[in-house]
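Novice: Chains A and B, in that order, give the protein sequences. So the mapping is simple: this note's numbering equals the position in the first sequence, first residue as 1, plus 2. So the mapping is simple: this note's numbering equals the position in the second sequence, first residue as 1, plus 1.
Calculated directly from the structure, the hints in this document are not laboratory data. Glycine included, each C-beta is placed from N, C-alpha and C at the ideal position. Accuracy of the hints is not assured; some may be wrong.
Chain B stretches covered by chain A per the calculated footprint, using a threshold of three residues with CB under 8 Å from any CB of chain A [to be verified]:
no.	region
1	74–82
2	100–112
3	137–146
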Amino acid sequence: MESKQRYTPGLLALEAAGLALALLFLTPFYFLLVNSFKKLGDILLNAASLPEAIGLDNFRRAWVAIDFPKVFMNSFLVTSVSVLMLVVISSMMAYRLVRRPTAFNKLLLTVLVAAMIIPFQSVMLPLMKITSMFELRGQFYGIVICYMGFGISLSMFLYHGFIKSVPLEIEEAAVVDGCSPYGVFWRIVFPLLKPISVTVVILNVLWIWNDYLLPVLVINDNMTTIPLAVQKFFGQYLRKWDLAMAALTLSMIPIILFFLFLQKHIIEGITAGSVKG
Amino acid sequence: MSKRIKWSEWLQQTVFVGPGLAAFVLIVLAPFVMGFYYTFTEWNGMDLNHAKWVGFSNISRIFGDDPRFWQAFWFTTKFTVAAVAFTNATAFLLALLLTSRLKTRSLLRTIFFLPNVIGGLLLGYIWYFIFVRGFRAVGEATGIGFFNWQWLGTPNTGFWGIVIVFVWQTAGYMMIIYIAAMVGIPKELAEAAKIDGAGKWQTLRSIVVPLIMPAITICLFLTTSNAFKMFDLNLSLTAGGPGNSTESIALNIYREGLVNNRYGLGTAKAMIFFFGVALITITQVWFTKKKEVEA
């Protein structure tokens, strides 16, 4: 059996090569981290050295400069509400499209899937008109609606593929027991969709949390999200590296924690989400 | 009775499909369709309600008198070719490495994937610092000329700078997809090949690659479309500079609309961009799909 083979010198060499590559992959984080603790003078002197002392002064100033608690809250609210809405509308739509494949619904599926190819820049300028016409710009619900529109294609498609494999018998039994169609979906079908819901949540969180261009166009200053705050900060303090590195480190912490805690689900989610060729 | 069923069916269709359909039509479909109209208008950001029909003048201006757009087009095309080739080669090799029986497999997988969870904008700023300050420090310490180049100061190194960051950011994601496909290859096939005397290289070429063709299709599709649409990284790393030598199409369109305030011209470019993306991705998927085989 192959799996019982011994740990050969060849494997040891591969292991060493893998670790060396991993260190290379991590170097940018090394530069970021060591320099967020240094004084500006030390950074200019040698950006590759370790900090002489671990002081949190840069972080304290960056925290205030980008108003971290506020921008974090904004990012959190925009991301969580948009993702929640996407889960609700895309699972419901996918369920109906699978269970009632009328001509209209089939066409709808095709159009939504085809629309995934449209780049954001191709709808961006007319979208400015729509968002001002319907007074979506500068409003919290405005950006949530935008994310619902841009996100529904992929999320609905993922749910659609999954629901096709959910057996109909369970639902029929519930209907016989007098359950309404809405009750059947929320109490019986939706809990069965948990694996694909996890995928949908993860893919959308990574997208919306890191998104830069849509918020720039649609929200106003009091709802600044993390990427916007970082961008504005760099415009103002270019070459104030001590503050900049600390601000970047701070900004990355939430999503890195999210990744490390949910790593297993994220990697499974990406595998499931990509099987769509 | 049948009237009640009809009513209930109609209500269900509205409740289940309505909200998603409304959001999609309002945010994606309507602007997309409107784009075809605005392509032929003079329209500016100051007054979104007035667009003047100008026929083909935007189109002829883009094709006849907009060298900057075509520079962006060539830059993006070259970038896509380099980024797709290096990202997939790196991802494929990493996947081969991580499907061998290493003890640190899961740790390595985490590390290679890590850059992917952070947005392109933030990564661009980190690398801006590295190219400007970090490389210099390494260059001074080691004396290797490579690190002393003005990485973001010349068109050529700026190009490769963006390619490096793009590969670093996206290879981990593609690696995950390749790993999933490689793990799915039936063990018996590889063993049979071994018994028949196939070497490692031969097994790779005749067994592994053909069997993971669906994953290759997906990864090529994802990297092609992401590279061709690159924006965030471009904005934060080089901002299109030096000059406009590293300006991507997406950035060019953005600036035409939101900086120059020429929405009509920007929309015309955006529509050309759409046809470019559609043509490239459809051709590529069609081409690689043909090569897929059953296990």
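Novice: Each of the hints needs a verdict: does it hold here or not?
Specialist: A quick look at each hint next to the structure:
1. Counting residues of the region 74–82 of chain B whose CB lies closer than 8 Å to any CB of chain A gives 0, so the stated coverage by that chain is violated, three being the minimum.
2. Using a Cβ-Cβ cut-off of 8 Å, 10 residues of the region 100–112 of chain B lie near chain A, which meets the minimum of three, so the contact claim holds.
3. Counting residues of the region 137–146 of chain B whose C-beta sits closer than 8 Å to any C-beta of chain A gives 5, which meets the bar of three, so the coverage hint holds.
Comparing the model with each earlier hint shows a violation of hint 1 alone; every other hint is respected.
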